[in-house]
Amino acid sequence: MSLPLDVLEKAVNQKLLLLLKDGRHIEGNLLGYDEYMNLVLDEVEETKDETKRRLGRIILRGSNVVSIAFI
Amino acid sequence: MSLPLDVLEKAVNQKLLLLLKDGRHIEGNLLGYDEYMNLVLDEVEETKDETKRRLGRIILRGSNVVSIAFI
Amino acid sequence: MSLPLDVLEKAVNQKLLLLLKDGRHIEGNLLGYDEYMNLVLDEVEETKDETKRRLGRIILRGSNVVSIAFI
Amino acid sequence: MSLPLDVLEKAVNQKLLLLLKDGRHIEGNLLGYDEYMNLVLDEVEETKDETKRRLGRIILRGSNVVSIAFI
Amino acid sequence: MSLPLDVLEKAVNQKLLLLLKDGRHIEGNLLGYDEYMNLVLDEVEETKDETKRRLGRIILRGSNVVSIAFI
Amino acid sequence: MSLPLDVLEKAVNQKLLLLLKDGRHIEGNLLGYDEYMNLVLDEVEETKDETKRRLGRIILRGSNVVSIAFI
Amino acid sequence: MSLPLDVLEKAVNQKLLLLLKDGRHIEGNLLGYDEYMNLVLDEVEETKDETKRRLGRIILRGSNVVSIAFI
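Chains as they are written, first to last, in the numbering used here: chain A, 1 to 71; chain B, 101 to 171; chain C, 201 to 271; chain D, 301 to 371; chain E, 401 to 471; chain F, 501 to 571; chain G, 601 to 671.
Don't read these hints as lab results, they were simulated from the structure. Source: prediction; values computed, not measured.
Below 30 Å or equal to it, Euclidean Cα-Cα: the simulated BS3-like pairs (lysine-lysine) are:
1. F:Lys510 - G:Lys648
2. D:Lys321 - A:Lys21
3. F:Lys521 - F:Lys548
4. G:Lys648 - G:Lys610
5. C:Lys221 - B:Lys148
6. E:Lys421 - C:Lys248
7. G:Lys621 - D:Lys321
8. D:Lys321 - C:Lys252
9. A:Lys52 - B:Lys148
10. A:Lys21 - A:Lys52
11. A:Lys15 - B:Lys148
12. G:Lys615 - G:Lys652
13. G:Lys621 - G:Lys648
Only chain A is shown next, with the shape it has when bound in the complex:
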């Protein structure tokens, strides 16, 4: 069985596509995470209502995340 945090561990340094509760999409490389699924991401690009914005490095609070896709 694949535990969610183990799957996240294997995704460090890989590219993720996140869906947030407010409908925003976040694409970026995973640098780190903690037990609450707070994430550190690099080379982040945010998409909201078809508008893209580059954000560099961010901390994303896990409570806002709906899903994390591996791309």
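We have chain A; now place chains B, C, D, E, F and G onto it with these hints.
Only chains B, C, D, E, F and G this time, still in chain A's reference frame:
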């Protein structure tokens, strides 16, 4: 009696249909889960307002889930 | 006095009518539950805006439940 | 001083009028409760937008309750 | 320094004006409280959209309270 | 480094401007606080949609606070 | 791997751009933080619907934060 997490345990490697709080439907094979009902799913197809999207492998945060159906 | 979880215990294998926070109604036989009132239900029928849908067996997360009626 | 749970204890077998977060009113006899203010109620009548509905016996999750009035 | 619960302790048997998250105002005499700021109030008058309603004695769940004013 | 609760400790008896989740602004002198950032404020003035209202002494539940500015 | 709180530790005395749940943007220098990601910020500028406002020093509750970008 069937405990919710025991039922989830037996569903590993089976197909699930999830309803999320934002109305989205997620269909995929269950790879794993944790005590918060965070789920790891593979071969995921998301349906929102009758639009389908393939997402591959995802982690889904349990706090967004309304119900998990076995199909 | 009747503790809520004791009342749930006695309802195993009986038919329940649930009201969810999003207005949906869920009818089904209770197979099991846990301390967070996550429920396992069988022969489930969901009603939303007067549209019915059969869901078979589901896990329902307790945090979405408003009330559980015994029918 | 009257602790909230002590006041609830004394209300067992009495009639309550509950206001829920979604605006619904619930009237019923209190059969039991737990520390989260989950309630067991009997002979329940629900009122929503001036429409009444009889529900018999229910478990009501405390997280949906705004106020409990003694009538 | 005045701790919030100490200030509440001194307000027992005094009149309070509460603002709830749904915009409702509640006026009443404080009979008791607990560590979650669940309150027991007596001689309660509720105001919503300029309509007043007398509620007698109520338990109010602390999670719905925005502010407690001393009047 | 300045810990949030240490900064609050130094602000006792000083004037604060709070922004609440519902858009309301609260101005008042800080009398006390607890670990949940529940606050006791005096000489409070509330502003909502450009309407001001004097509230005297209040307890404000921390869960409704977005930000606390020092003025 | 970069833990979220370690990344925050290294950002003390640096400029951050925060996105809040209500759509507000907050720019300011990080003075401190705690384990809940409550933040102390200085020289704060808030942007809401293209209107800017200077706030000086603030405490920001972590539960309102979506993301923290390093600029």
